[in-house]
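Place chain V on chain E using the hints.
Just so you know, the protein sequences line up as chains E and V, in that order. Residues in the first sequence are numbered consecutively from 1, following the UniProt record's numbering. Residues in the second sequence are numbered consecutively from 1, following the UniProt record's numbering.
Hints may contain errors.
Just so you have them, the derived chain E footprint on chain V, three or more residues with Cβ under 8 angstroms [stated by the list, open to error]: (1) 44 to 50; (2) 54 to 60.
Under 8 angstroms between C-beta atoms, here's a sample of chain V residues computed to sit facing chain E [as the list claims (entries may be wrong)]: (3) H40; (4) E141; (5) N269; (6) D427.
Derived pair list, reagent style DSSO-like, types lysine-lysine, alpha-carbon separation capped at 30 angstroms [as the list claims (entries may be wrong)]: (7) V:K447 <-> V:K62; (8) E:K199 <-> V:K81; (9) E:K29 <-> E:K135; (10) E:K188 <-> V:K62; (11) V:K81 <-> E:K148; (12) E:K218 <-> E:K188; (13) V:K434 <-> E:K188; (14) V:K447 <-> V:K256.
For the record, the hints were derived by calculation from the structure and aren't laboratory data. The structure presented is a predicted model; accordingly, all values stated were derived computationally and were not measured. Each residue gets a CB set at the ideal place from its N, CA and C atoms; glycine is no exception.
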Amino acid sequence: MPPKRKSTGPRPVSSRQSSQQPQLSFHGKQNRVTKPSAAQQTKASKKDPARQNELAQKDAKTEAEPEDEPTTADIVIEQQAEEELQDAHPDPLQHSATVKAEDVLGGRAAQSEVGATGGAIGTGWVADEEEQARKISETQIKRYWREKESVRLAPRVHQEGLSVHEKVLREFDMTGHYGPCIGIARLKRWKRANVLGLKPPIEVLAVMLKEMEEGNAKAQRAHVDELMSSRFIET
Amino acid sequence: MKDDDLLSAPSDQQYVSLERTASTYTPLATYNLPKGENRHYQQQYADMYFARLAQLKPAVEKLASEAWAEFEIAGETALRKDRVLDVRQGELCWVAGTVYMEMPLKPNVLEDIGKEHWIAAPPPRIKYDSGIGLGIMLEDESGRLRLTGGFLHECLLVTGAIVAVVGTENKDGDFEVLDLRVPDLPRQPVRWELEDGNGALNGKATQEVRPTAGKVAIVSGLAISGDEGDTLLLDLLLEYLLGECAEPSMQGDAAKVSRLIIAGNSLSNSSPIPTREEVVAASKKSGRKIYGYDSSSYNAAPTDRFDQWLAALLPSMPVTLLPGEQDPTSTSLPQPPIHAAMFPHARAYMSLPQAREDASWFDSTTNPAEFNVDGFRFLGTGGQPVDDVYKYISDCEERLEMMEAMLRWRLTAPTAPDTLWCYPFQDGDQFVMKECPHIFFVGNQPKFETAVIEGPVGQQVRLVAVPKFRDTGELVIVDVETLVPEVVKFEIFEEG
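Chain E with its partners taken away, still in its complex shape:
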């Protein structure tokens, strides 16, 4: 490369102005990339112990934002809940090609293609539990709950903010007799307990159907399931 020469002559007027390309700048207020929420206040609050709490909360918030993506566990429970919802409100316009006369009229249990997981999805009722459950009124549910509470010596703590429906569902979740409650939608668990002959209470089914009618899809997943698969548990 030829050695550099120092040139002192008058320079042409700023080449930037003569060229057609716009000026690029990577700093300045218009080009802000980072969010102003957490980064701005770290320096100040590091020294101020009174603001440590605020900082911790803000940290938690920025960490919580990726929570918007559902985990695999969430997706599967949602799928199960959707299948049960569809089953509870079958679309009259949807024709299911696999439903044969024997299924509706109750013939001998037909050999299904998927023998290993107990038949086609949507079945699982042993008798007319669904109709019976829909007939159950709120007073009956409240009476059932009062009986459950009267068995205990002390009242339940930390359940003040919950509705009776949620309390009934949580009590059903925690009863180990009907199997593990994690990784399975609540309605599916009730159906499974019913098919296995464990006689789960019909009032719990009534509560679940009422929650589904209100469109509360969150009630399909057990609360402990959400806690156990939460990402914030320290290991």
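Below, chain V without anything else, positioned relative to chain E:
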């Protein structure tokens, strides 16, 4: 033979041709898993153990209450306890639950991962027994109870079996067992029950007279690996089944065989997983890094050979194919059928995927598999469940006893989630036997063995342990009318 025989004009002499006996075959979809996205692996195996206990508890408790209703020791009768942890010290009681055996030498995935980095893996153990003593526990949703007592040494127990025990808790907190009960054989369907039922549902009149059933041939462990060593025995087997070899009386016997069941391990080492050293050597040689499976090293010879063999046999004889441990299908039970893509020639005889009822000629089926031949219920596996149970029972080489125990526990794969890979069933354990078979065959066993066992309500089951054809050259032929097996042995005489 006269000299003119071969040089004479064609004669009008009619030769006797033998017809193969036909059989009625009905496959059952008991072990078929749902397809594709309907198969979920999100759930935990605890669901499977819970479902297994819930399904078998009523049966075992019924038997136990009948047996121990008058069980008295020193004037005290045995009480039934609901949960395993409800037993009290000094109280005679009985309880039902799942058996758990503590075996420190069982394969433990965490230990495997830890060891992988530091030392070479020890050779796989034949039996898991560590020799220290049995650590047997009874478990249900409330907890675990340790079992002791000399009575346990006589019982065959593996992790996952559902049993009821009577005894009392001693001062160490262990439960001393005085007697043990298992669910025992389930209800056995009457012959032709399934076919008659299906016929009634479809509106057909039941046939009063059914033709006499022929025989069924069962073979396992063909272990075709593509080298010349396996050609002669396989061809001998083929010729025997087709009636092309031997003299007319043996050909007559072969004509009575109405179906061939291949019970696992038809191909050997079909998808070898390269070890770490091999992968490193391969990448050094070629210069490119090969991640995972190297498709240029695929050897199509074994499947090709097997396909040609089947295509030669199928025009004459229907075949049922069960996959085994070394076959090209999933290793976790229940193994899905070997796909039609592996059989470009033989798949002409397979049924279309939707028309399951037609699967009567070439049926590539699951492992374990359940089907009806001539009205009798056949239940068979490729050998993995029995081999796994064998590893749990110390000092016992009796495979027939293990097969009998599996039937009495009503479990096709008792050790399933523990040491045998399986699909995580959530709604119900599919390995629980709902109906008792008439014949239970297991492939890939060291030698041919057979026995008949009896159930509490008069069920009779024939047990057949089918040996590996590659090692022994034995073919088992079962007469379906009497369910008595016999063996045909193929041997190559090597002049010394």
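Now for the hints, and whether the structure bears them out:
1. With 4 residues carrying a beta carbon less than 8 angstroms from a beta carbon of chain E, the segment 44 to 50 of chain V meets the three-residue requirement, and the given coverage holds.
2. Under a criterion of three residues with beta carbons nearer than 8 angstroms to beta carbons of chain E, the stated coverage of the segment 54 to 60 of chain V is upheld, 3 such residues being counted.
3. At its closest, the beta carbon of H40 of chain V sits 6 angstroms from a beta carbon of chain E; the interface hint therefore holds under the 8 angstroms criterion.
4. Because the closest C-beta pair between E141 of chain V and chain E is about 4 angstroms apart, less than 8 angstroms, the hint holds.
5. About 28 angstroms separates the beta-carbon of N269 of chain V from the nearest beta-carbon of chain E, more than 8 angstroms, and the hint is not met.
6. For D427 of chain V, the interface hint holds, since its Cβ comes within 8 angstroms of a Cβ in chain E; the closest pair sits about 5 angstroms apart.
7. About 37 angstroms separates the Cα atoms of K447 of chain V and K62 of chain V, which puts this hinted pair outside 30 angstroms; it is violated.
8. With a CA separation close to 19 angstroms, the supplied pair K199 of chain E and K81 of chain V stays within the 30 angstroms bound.
9. With a C-alpha separation of about 63 angstroms, the suggested pairing of K29 of chain E with K135 of chain E is violated against the 30 angstroms cut-off.
10. For the proposed pair K188 of chain E and K62 of chain V, the alpha carbon gap of about 28 angstroms is at most 30 angstroms, so the pair holds.
11. Distance hint between K81 of chain V and K148 of chain E is fulfilled; the C-alpha atoms sit about 23 angstroms from each other, no more than 30 angstroms.
12. For the given pair, K218 of chain E sits about 14 angstroms from K188 of chain E by alpha-carbon distance, which is consistent with the 30 angstroms threshold.
13. Taken as a hint, the K434 of chain V and K188 of chain E pair is honoured in the structure, with Cα atoms around 22 angstroms apart against an allowance of 30 angstroms.
14. Only pairs whose Cα atoms come within 30 angstroms are accepted, and K447 of chain V paired with K256 of chain V is accepted, the gap being roughly 25 angstroms.
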